[in-house]
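Peer 1: Going down the list, the sequences are from chains A and B. Going by this note's numbering, the first residue of the first sequence is number 295, and it counts up by one from there. Going by this note's numbering, the first residue of the second sequence is number -15, and it counts up by one from there.
None of these hints come from the bench; they were simulated from the model.
Computed, partial: chain A to chain B, Cβ under 10 Å:
no.: 1; residue: Val309
no.: 2; residue: Val313
no.: 3; residue: Ser442
no.: 4; residue: Leu447
no.: 5; residue: Leu450
no.: 6; residue: Pro547
no.: 7; residue: Val559
no.: 8; residue: Leu565
no.: 9; residue: Val570
no.: 10; residue: Ala572
no.: 11; residue: Thr574
no.: 12; residue: Ser589
no.: 13; residue: Thr592
no.: 14; residue: Leu593
no.: 15; residue: Gly595
Sample of chain A residues facing chain B (criterion: CB under 8 Å; computed from the structure):
no.: 16; residue: Ile312
no.: 17; residue: Leu320
no.: 18; residue: Pro321
no.: 19; residue: Gln451
no.: 20; residue: Phe550
no.: 21; residue: Ala573
no.: 22; residue: Ser578
no.: 23; residue: Val588
no.: 24; residue: Asn596
In this text, a Cβ means the ideal position worked out from N, Cα and C, and glycines have one as well.
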Amino acid sequence: MFAYVVRRLVQSLIVLFIVLVFTFTLPYFEPHGILAPAYVVLGTRASPANVHTWGVQHGMYHPYLVRLWDYIVQVVWHHNLGFSYKQNLSVWGIISLYVPRTVWLALTALVLTFVIAVPLGIFQANKRNTVFDYTATGSAFILYAIPSFLLCLLVLQAFSFGITHLPASPPSGVAPWAIFTDPVGFILPVGTLTLLSVALISRFMRGTVLEVLVQDYIRTARAKGCSNRRVLFAHAFRNALGPIVTILGLSIPALFGGALIIESVFNYAGLGIETVNAATYLDSPTVLGITLLVSIFTLLGNLIADILLGVVNPRIRIQGEQ
Amino acid sequence: MTTEKTTQDLEDREVPHSPLAGPLDARTVAPEGVSDGPGVVIPMWRQRVRIFMHNKLAIASVVYLVLVTLFCFLWPHIHPTNQTNQNLALTQPFNAPPSAQHPLGTDSNGFDVLGRIAFGGEYSLTVGFLAGVVTIIIGTVYGMVSGFVGGIVDTVLMRILDAALSIPLLFLLITLVTLFSRSATFLILLIGLTGWFGNARIVRGDALLIRRLEYSQAATAMGASKWHIIRRHVFPNSISNIVTVGTFSVADAILFLSTLGFLGLGIQPPNTDWGTMLQNGSDQIANGYWWEIYPLAAIFILVVVAINYIGDALRDAFEVRLIER
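Excised from the complex, chain A in its bound form (with noise of 0.2 Å):
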């Protein structure tokens, strides 16, 4: 099992290295390059001796190598995201108010996802072609054409100004936990969130289930005379869950993209609407550092994830230590 986590832990380390030569490589093909910020310091009609005294100031002449270690050294020892020459700001003192909000209505979003769709793929799998499985594949079907803003603004209509008058925002400039102590402006945003994934996770698990429920160890259970609800839940389930751990990992960057979406439309002040809103202020900066942080986030899961794969199956780890 170390000998497992070991490996996952330099994969993603690799990874992480790679994902950070591009955050820092990208800003080179800028129009005006690395000195691009200049201009914005300095105006859009400085002259070329002031940024050139700008850029030297600044480092921007030091070669690349040099630059990228730099860079490396202020990310991870000094979780230095980068500085937004439009805020004057850095760029963790920008979003560390919205970190743990956009985390929280993710983190819940993925719970409240597994506890949905996991239940409904397994049933799904045992009702296969019945009016229900093709009613719950319809609706996954639609829900996956449908882009995900315009399904926000269909649930809001419905159900903020329609149906039930729940409300259409929820509660902002609080503690990052207000998800638990005023769950009700929550509903609207989490259960959007969570519909989005669970039309998506649910049909990998109808799909993993039904692949299980015709291996070998499911006949011999039956034969054995197994009611079917132990052969769903105690040797179909645990043999479906090593796929789904991998999916749920997998999701993170889809749900990191729906919880902007879901930020915008509901107006919840998180890391998705100040992308939104950098990226409108062309504050290019703050777009990179919160893109970094969103991939260290989807590295992590995915690496939760294989160790909690490592964990429920066996035969992983051990196919690691040989």
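On the provided structure of chain A, position chain B as indicated by the hints.
Peer 2: Chain B alone, transformed into the frame defined by chain A:
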């Protein structure tokens, strides 16, 4: 053999996955009327066309897509409307309900909504289609190289792919749009350049598999070059996955463009796309101006459903098990 894999391996194993795939069992049984009876040999591609034509919903989807495309590109010429100048003199009604002059009313800027759906559709469909093509080309080449060359090249290419996959796509798109440009050409490139990761994985999985199959090894033994094997064996045998996943890529590209448009980062004025239009319409939804959002929403969702459905039908048509031998 283990049945479960880690994060990296899992996607390689997946057959072109769409969450929209029909019931598994239905796909393994040939539809009635496809067979010509025993002993009749017909070319494979014709059988594929026949299986596709047998799928009524797929035909309906194709017809719908053709109609929408024709509408978007021809309607502005049949019934030209002003989609550029805002009506500051208020000589044209804004937020006007549907009438004989404006079949779907006008929006908050006084633009004719029906004309604007066609106008924005030109951009949405073109960008979506071309971005999908870019996706297919890059994904195929990258996956083929990675899967076929193998060894250290494969490892390096796959680690790069892991890194790319760990950046949430929407954030990546927003970053690129912020750093560079928002012109239509650039959006095609951006959406295409960020959409191919999944395609590359699937093509790589195919290439890895086919390279090890007997006929590839036999070709190698007979002295065929790598290029020949890629051209004659690997590519034709993975074309089904390339086309199927490519179809879903087009749908995804249209969705991503609309999402960018909704966030105000899509096609910039004076031009527009469907996402931007939906964003504008959504501001009016609470006022009861339904014509600004619901007709477009219906057309848009059906376009995405149709493309996805065509992808499903193509997968069925390529499914070897469905073809009678």
